[in-house]
Structure formats: C-alpha cells, structure tokens
Amino acid sequence: MIAATEPIRILPKSRADGGEGQFLEVSMGPQHPSTHGVFRMDVVLDGERIVKLKPVFGYLHRNHEKIAEHETYLGSMPYTDRLDYFCSLTNNWAYALAVEKLAGIQVPERAEYIRIITAELTRFQNHAALIGFLTQDMGASGTPLMYAFRERETILDLFESLTGARMMCNYMRFGGCRVDLPAGWLDHAKKFVATLPRFLDEFERLLASNEILMARTQGVGVLSKELAVNAGVTGPVLRASGVNYDVRKVDKYGIYDRFAFKIPMGEHGDTYDRYMVRLLEMRESLNILNQALKDIPEGPIVDPKTRIRGFKPKPGEAYGRIEAPKGELGFYLVSDGTSNPYRYRVRPPSLMNLTVLEQLCIGRNVADVVVILGSIDIVMGEVDR
Amino acid sequence: MDEQLKTELRKQGIVATTLQELYNWGRKNSLWPLNFGLACCAIEMIAASMARYDMARFGAEVFRPSPRQADLMIVAGTVTKKMAPQVVRLYNQMAEPKYVISMGACAISGGPFKQGYNVLKGIDRYIPVDVYIPGCPPRPEALIDALMALQKLIDHQPLTGADRPRHLRADAPSEFIVPGFGAHDLEPSQNPEVWNAPLVNISLAGTDDAGKH
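Residue numbers (the working numbering), protein chains in the order written: chain F, 1 to 385; chain S, 1 to 213.
Hint data in this document are derived by calculation from the structure and do not stem from the laboratory. This list has only true hints and no planted wrong ones.
Derived lysine-lysine pairs resembling DSS-like cross-links, with alpha carbons at most 27 Å apart: (1) F:305 with F:101; (2) S:81 with F:54; (3) F:66 with S:121; (4) F:312 with S:114; (5) S:11 with S:152; (6) F:252 with F:314; (7) F:101 with F:312; (8) F:190 with F:294; (9) F:252 with F:305; (10) F:66 with F:314; (11) F:66 with S:81; (12) F:252 with F:262; (13) S:114 with F:66; (14) F:66 with F:101; (15) S:121 with S:81.
Coverage of chain S stretches by chain F, computed from C-beta distances (three or more under 8 Å per stretch; other residues unrestricted): (16) 29-37; (17) 42-52; (18) 76-84; (19) 111-118; (20) 135-142.
Every residue, glycine too, gets a C-beta built ideally from N, C-alpha and C.
Just chain F, with the same shape it has in the complex (with noise of 0.2 Å):
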C-alpha cells in the first residue's frame, strides 16, 4: 500500500513482450471529482492501461452497526437514513421487515401500499440521479443532472409533505409508518406521476442514441453472468448480465404480487446495458406507482397492537431483505430478548457490487475506471457503514 503522501510511484515493469518500460502505481482519491463520496483506488498503470486496481475503503466508516447495538430497535431507524443517502425510504424499509420478521408483526395493507409508493418513487430519484451523474462523468457537464435533479427535487418535495424531511424520512415503523398521507397527498402524486413518462421520453432522447455515450459505455467494463452470480452482485447491475433475478419477484415482500411489472434484463453486461436497465426500470416503477395509487384502500397505517415503548422481541435471529435501487439491501438481527439487539449487521448492496470493480476495470484506460465506478452505482455511506 501506498502512504497517502505519496501519491505517484514508479515500479519495475516486468513485460511478457520482454519490452522496457515502468508500471505507474497512482492513487485515486480519496478526494476525486469522480469517486462517488471518498472512496479510493491504488491504480497500477501500463501507460494508460490498468494493470491492477485495488479499491481502498473505509473513509467513511461511521460505526453503524456497532452504535445500534447501544440504541434500542426503534433508536436505529434514523441511522439506516444515513446509509444510502440517496434512498432512505427503502432503507428503513428493509430495516423495518427485519424487526417484523424477528418479532411477527403484521403490517397493515394501506401501509403496505405507502411502502411501495414511497420506496418506487425513491427508485425513480436514485437511478434519474444515477444517470446525470453517470453522464456527468462522461464529460456531458450537467445537462443530463440537472434534468435529474429538476424532477427529484419534486419527488423531494412529496417526501418532505409526507415525512417531514428532504432526504433523511425516518418514516417507516414496526409495523407499519409513522403518519398517515396528508391531504390531497394522493392527487398530487397522481398528478406528478402522470407527467413522468414526458420526462421520460424526454430524457431518453437526450441520451440513449448520442453517440458520445455510445462510445463510451458499449462494450466497457463486461461483467459475465458467472461472476456476477459468483460475486454475489445484485440490483440492476447483475440484471444487465442477464440474470433474472429480483428480490420483488422473488421474495414477494409486502404485496409486490399483486403489481403487474416487468424486469427489464441486459444481454452484454457492459456499461450501455447497466444503463439501459436502469432506464427501463424506470418505466417499471412508474407502472406499479399508477396501480399503487389507484388502488390504495383506506385503513389504519399502523398495527394497534405493536408496541412502540419497551420493545423488546423474543430471542431470535431474523433477516429481512429488500429490492432496494442499488441491489439486494438486508439486515440481519440477532435478539437476545433485551431492547437492543445482539448483533446488527447491514448487508449493503453498494460494497458487494463493488468487489468486481477491479475484473470490470482491468485492460481498459484509466478514463473508463471513472465510467464503470459510475455505472456500478455506489454510495459511501453504505460501502463503509
């Protein structure tokens, strides 16, 4: 490993072609306009080519998961915010079917159609985010994002009606959410979703022919179907490998059986394909939002019978997963039958995505190290805990 004071080395090259020369080792970040948060990597460089890559983690690591075993089960719910801060309706959700599962609890309808609203509308923000900052990266500066963040501030603005914050919600409860929609809440989502498919439409003519794009995602950085599946990749990034495989559809969590959506999957696996998933995906959301807001029954938000003082579930072990925007998002509970729990451990689809960074990255330039990382999708917050 290299100190951080010593960013550029020069190593002995040894060629296969017997050839003369030097390896450059550089590191990349911690503070780089294109890392994603402070994320570093050690690069070993043939000229422009990447030799070796070996990402460094760790600058933001937070103590998440050792602070919630000193909080009680209610206390963590504002941490998970602060995970993937892009999306914190789908991370209190993930941590909220995990306490309902250790301690059976069941969780109303109209509950169950208030998670999946919110937790479609923060897919739609996340990957809409994802692409302005992934074209970003390419060099197209900030039409694309600023397009992204025009109709995410308004997703924002539903959320702040609803929760009370922007981007930190600690919405959901055990056993349901935390309040009810406010008034003409409904009318205004209907509203606002039914102008997404223009944006839509809008967005993928910006985008989805340029040519720079084209150039610069199609055949970069292939993940196969075998290490992707090996590596234990999910989300969107291992359904541009074309493995058919969402949590949604799998695990059926909530009532996502009642929803007719489609999974959109890739064939290449490279960076166009993660891309065009993400897109796609989009266009999914939108279609379970329309029957979600439809068909939204009237009802309590909360189980009468969870309590929320004294929490205490039996001793058990418990693991509630998620179709969160970034891939498979779990938590793992171990009770001992206090308040806290015995362990605490986050399964984050960000770090898993990212150990096959460096396979993605080997033999291309250094310019397309910044594509893929932003293509893969990461968040710090959840890489490090």
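Use these hints to put chain S onto chain F, whose structure you have.
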C-alpha cells in the same frame, strides 16, 4: 466619502469607491468552492448548485476539482479519523485567501455519529471554520444562507490595521498541522492554535457560589 455625495455622483454615472470596497466586492462575488463531498450533506450541496436553488446567483457555482483553484472549502459530511488528515491536507493546499463552511451536524461536532469510535468530533479541531450550518443535512437554502453570511464577513474585512484577515498578515499561518495516526487516536488530537477544549469550571458546581453566576 459622504454617502449622499456618493449617491449624487452615481446618478451622474460616476462610481466612487475605495480600494477595500472594490477588492472585497470582487472577492465575495466569485467564491469558488472545492468539489469535495464527504457524505450525505454533499448531495444537498449538489442540489444547491442545481437549477432550483442555483448557487450561481451568488457567484459560487464553479466547483473546482483541484484545491489549488478553490477559495472555499465546504466540509459537507462526516469527517472520520481516517479522512481527517486528507481534509487538513486539502485545506493546506488551497491558496489564500481561503474560507471554510462547516456543513451539517457531523462536520460541526460529529452529529448523530458522535459516539462512534472512528468519527472526528468536529473539523474545527484542525482547521479554522468561518461559518457553521446546523442540520442533518441542512437544506440547500441553509447552504445559500451560509454563503451569504460568508459574503457579509468578507465584505467587512479591512485591508489594513490590526483587524486585517489572516491572508494579509505575514506572521499568521496559512498551513496547519496535518494529524497523523497514533496508537489510539489521531495525533495531535486537536490543534491548539485553532481549537481549545472549552473550559468548564467544575469547582463551582454544588457549592454556595453556584447560584451566583
């Protein structure tokens, strides 16, 4: 110069000003922040520079990737002990005059993660901070408010005299100690030039004098 005379002259199309006003006016309206995000707050920082909030209205939209070209460091997010040396090093690499906005609860004090073993309890232990924004994360409006507060601060900086800012003094430091990794904690655990632990007078507690203060 008399304010009334100034307004009269301005009506004639003549602008009268002092060097200090002109210098500060130019500086406060072209603050270039460092493109430097640490955690959650960085997303709100990006949102502040996007179309709805549009930080460009205040002359601060040019996010520079290199510290050499930046005037303003927005410490947006949790500073962990592993990251703290790099933050200080980046600050040292910025050219004077330079300013720091400490954005969010984590950068101010460690925030919700304060009890964590790996979290620095406030970046102001190592570098001087000009504006603090509370919130977790602060809204983009709060960041714009902090920027305006910083502009006011710059506007009133004298160019001469005892109160002149750090970058106009030969004796004031522009670089600060980069902490290293010690056996148990960062070493030094704080920079006494910048920050000292607030003194709490414990001896008064529980005595008859306690009520008097």
